[in-house]
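Colleague: Going down the list, the sequences are from chains A and B. So this note's numbering is basically just the index in the first sequence, starting at one, shifted up by 696. So this note's numbering is basically just the index in the second sequence, starting at one, shifted up by 696.
Simulated from the structure, these hints should not be mistaken for laboratory data. Heads up, some of the hints might be wrong.
Since the list gives no way to pick out one identical chain from another, each pair is judged satisfied if it fits inside one copy or across any two copies.
Stated by the list, open to error - Only pairs whose alpha carbons sit at most 25 Å apart, straight line, appear in this in silico SDA-like list of lysine to any residue:
{"hint": "1", "residue 1": "LYS873", "residue 2": "ALA1062"}
{"hint": "2", "residue 1": "LYS968", "residue 2": "PRO982"}
{"hint": "3", "residue 1": "LYS1065", "residue 2": "TYR867"}
{"hint": "4", "residue 1": "LYS1248", "residue 2": "GLU1273"}
{"hint": "5", "residue 1": "LYS1011", "residue 2": "GLU912"}
{"hint": "6", "residue 1": "LYS1252", "residue 2": "TYR1225"}
{"hint": "7", "residue 1": "LYS1260", "residue 2": "ASP905"}
{"hint": "8", "residue 1": "LYS1227", "residue 2": "ALA1062"}
{"hint": "9", "residue 1": "LYS1227", "residue 2": "SER1014"}
2 protein chains.
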Amino acid sequence: MALAVDVDGDVWDLSRPLTSDASVSILTWRDDAGKNVFWHSTAHVMAEALQSLYPDVKFGIGPPIETGFYYDVDLGDEKIGTEQLEAIEARMKELIKANSTFERKEVSKADATDYFNEKGDEYKLELIDELEDGTITFYTQGDFTDLCRGPHVPSTGVLKYPKLLTVAGAYWRGDEKRPQLTRIYGVSFPKKAELEEYLERVRLAKERDHRKLGKELELFTFSQKVGPGLPLWLPKGTVVRDTLESFLKQEQLKRGYQPVITPHIGRLELYKISGHYPYYSDSQFPPMMEDDDEDQGYLLKPMNCPHHIQIYDDKPRSYRELPVRLAEFGNVYRYEQSGELGGLTRVRGFTVDDAHIFCRPDQVKAEFKDAIELTLKVLKALDFEDYRLQVSVRDRNDPDKYVGDPATWDEAEQSIRDSVLEMGLEYTEVEGEAAFYGPKLDFMVRDALGREWQLGTVQQDYNLPERFDLWYTGEDNQKHRPVMIHRAPFGSLERFMGVLIEHCGGHFKTWLAPVQVAIIPVSDLFLDYAKEVATELRASGYRVEVDDRREKVGYKIRGAETQKIPYMLVVGQQEVETSTVAVREHRKGAQETSSLDDFKKRIATEIEAAIG
Amino acid sequence: MALAVDVDGDVWDLSRPLTSDASVSILTWRDDAGKNVFWHSTAHVMAEALQSLYPDVKFGIGPPIETGFYYDVDLGDEKIGTEQLEAIEARMKELIKANSTFERKEVSKADATDYFNEKGDEYKLELIDELEDGTITFYTQGDFTDLCRGPHVPSTGVLKYPKLLTVAGAYWRGDEKRPQLTRIYGVSFPKKAELEEYLERVRLAKERDHRKLGKELELFTFSQKVGPGLPLWLPKGTVVRDTLESFLKQEQLKRGYQPVITPHIGRLELYKISGHYPYYSDSQFPPMMEDDDEDQGYLLKPMNCPHHIQIYDDKPRSYRELPVRLAEFGNVYRYEQSGELGGLTRVRGFTVDDAHIFCRPDQVKAEFKDAIELTLKVLKALDFEDYRLQVSVRDRNDPDKYVGDPATWDEAEQSIRDSVLEMGLEYTEVEGEAAFYGPKLDFMVRDALGREWQLGTVQQDYNLPERFDLWYTGEDNQKHRPVMIHRAPFGSLERFMGVLIEHCGGHFKTWLAPVQVAIIPVSDLFLDYAKEVATELRASGYRVEVDDRREKVGYKIRGAETQKIPYMLVVGQQEVETSTVAVREHRKGAQETSSLDDFKKRIATEIEAAIG
């Protein structure tokens, strides 16, 4: 269905007459611009409904947003709750049924001012005041007229399935000294199925919110005394983290990475050479100053690379020992604005699964391929199946933004493309998104809720080897500059955990679950046997809990289900007599009798398939 | 042999007449005070030798030290090297043979001043100037007279085996604005065997210096750009550290510890509650201040306890879930004075194998026993066989130094003593050495060079639970205060590694060695077989390196010996044909043929015996 029209890059009403030759394309629900028109139009319908229910209402602004729209309104002393939202929504549906046309009208500044003066809407008057005469348009549908640039859908009838979602407070023009308005959020869809799917996704996202699950499953917490954005990992979350780390460490060992450990601070001098200080000071914790000398002090490390460079530089290197691959789960600290902090996806202290590969130019492609393969292995092990590769190259029209000569850049960019293609993979390319120090490859991963995240990254760097004057002795006995590759399959472990928790809804796969097996004796009589089973499983390296509470079996099973433990082993008279266990899988319900050996084989096979 | 005499707690010359009743005991070489007299007397003999060889020499001070003595002397433009040291030592031996008596003489301040005025020794004059008339004594042996409080041995003849060791510069009175004197270090023993044993120990200590071995074995390094006292762990050192950590983590898991991970910083507020800030600021890195508000900022964490307390305090606790044992290899930072930094034994950033046990008072003893048992297991696994337990209790005469009531202290101290005794162990008790917050148990460990180190520690704490208002709900449904136990079997992992490296001389046991097996093909023809063997060993979890250099076997074996790799597997024609390996143990020389399976069993058994 046509919603609006693109005229030479501007979006117009379908009904607006063309006055000259132009390149025109119809916008539908499939276009982002089409969706924006749809949602913006729904905002006007909500405004019309509000005006009919609250005649004294005054209006701020009502734009479309990423998904849906809002309108900021001044309702005097009226409060909007669930009941009111339902009433407004009901009125909106009537207005949509009426299928009123959206009519565009150009008005003079004087007429526009008169109109809102009469209506008594000081917010609109303030907006008009800032506009130039000759550029002002009104849109009217039914009994409602709004100051609006448009465009809009042809008539309200197409906005079939509206839904009002939440209410929040918002200062007029974002200024806390101005009045606080009521912001009403809503969304709308052309098809009922689409609305339902969307609401289900919202419900799931809420249910899977990692902050909520983090609390319920006792994975992590925050303390205001320690500081905002600084997660404290509780025992169960620590197990998951440690397991992720061990998995990657094992993989890295196989690939010839060498583990290192470096301090969490460095002298200002180090960061002056690397360029992190005094630049980027805004996003760093303030330095620790010794005496009053402004050159003497320490910085909490914002990145691990300068420290790893010190290790590379600790002895002369020969071409024969390259590539040197230094890996560390390195904690770094950045001073994000406190407004931006929330759960694990934005934090002030995080752990990068960092490695820096120092290699010869002829080794770059092979190292890139290996890093891609490793990242894909990580994503597979964690059930991230929907991802795309994005190559970020430089903006050729803005050469001053980048260090290094164009020929090297061309080669570097091409080697990334080649690496990807030779592995039989596809990529999209984004111009101008390269780091100033080199091109990079990002893994854009879609989670179970359809949201896209940038997780893993592999980057080439021609800058730091230069700044730190790194070298190796080549076969020709001359000094050569190594290339540096930064790579992190998880990216930030904290952020990755946040995304992972929501992706799997807290249902960690068996290899990763903080408790893998819950053993549930039917009564105290079978507690000894339960403990024997636990001991045997623990000896095989599994994480096991015995539920020794004096509660009914059903209660204990529900407890294990709530804790999302992958396996429950129920043991009673029959199991003791036959030396078996009754295996119950999380979320499956059915129980089946198995020997303990067979059960061990079963989970071993499952884990092997996931990460072997 | 009698060297001096203890008279009512003062040390006197044997020849000094008693003038009143006193409690007297003879001091010999076996007493620390006896050794001091011995070494101090040797310093006088060295001074006498110097005076005879360098008539213009002027003297500063010449005290005994922990082992031996030194004398600070002004030799004008004369330089002292090895040759000069030997000549001085030769002269000393002549003076000792002469067996001159040490004679004590009380002198007036005026006479003393006259004497050194005439001698032209401004240093002694400065010292005399600060003394009160009536307290000044001279000691004379042979041709040499010194201003000295004494006491001394009866005559030079007993100082049989002197040895001059090193020369250093030292500012007069430690003040860098005063003249720099020459400090000559020496030592002496009554028996030749004792001198030889000592010199061997010094030689070993030098050879085993962990700073030297750390470089040779590529374990760790420092970078001035990162900062003094902040070790960077190189790949091989990281493997050793990680292996130590894994070993302890496994042990802790078996004992019901729960791992946690916490940030490396905390808000000042946290440390105001804990009492770390603003107290102890001198030993901390300066705070990171936000804005100019002196209350708002962060501190690099000097201890892990406040963070673990936040985790305990994250939810209400019941008596049923106690003890809660939170464990973390937590990196902490302290600002040691740069003069005190050296290698790993004193650093500014270190890792505590920290755990905090929150328990009920009735659980303290069992927890203490478990912590003792764990620490002993750690010491055994690392071949520290010579240790003693030291219980540090409060000074009952100075109750203001401690928090908590005397009855609780009595109980706490007794429970530590009981824990130790019930385990069939012995302890020594030191009064006044308790922390202000509670009594503690320290493990005093003697290394292979006979030096004693305080390594593990277990401490009771009644202070922090109070300051942070921690509680649990008791069986009586009332709030109760938990007891906190701090314990760390390694103490600081860095310091422990430093001691361990010197204890084992870099010859890490197989379970801990960074490379456990070196595979040495006799020629390139057997490289494939060598790699097969390596793959199989790696699959069994061993750390293996194949020496694929085109060098002679002997050269490769020497390389592996230098790297102190526990096992070398030499493979050639015979080994390929019979599917065997020729096993050569580090420092053993002999080679014996073995199937790979038997070799794997052999090291598995060895490792099991060490840490199983």
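Colleague: What hint numbers does the structure not satisfy?
Modeller: The structure breaks hints 1, 3; every other hint is satisfied.
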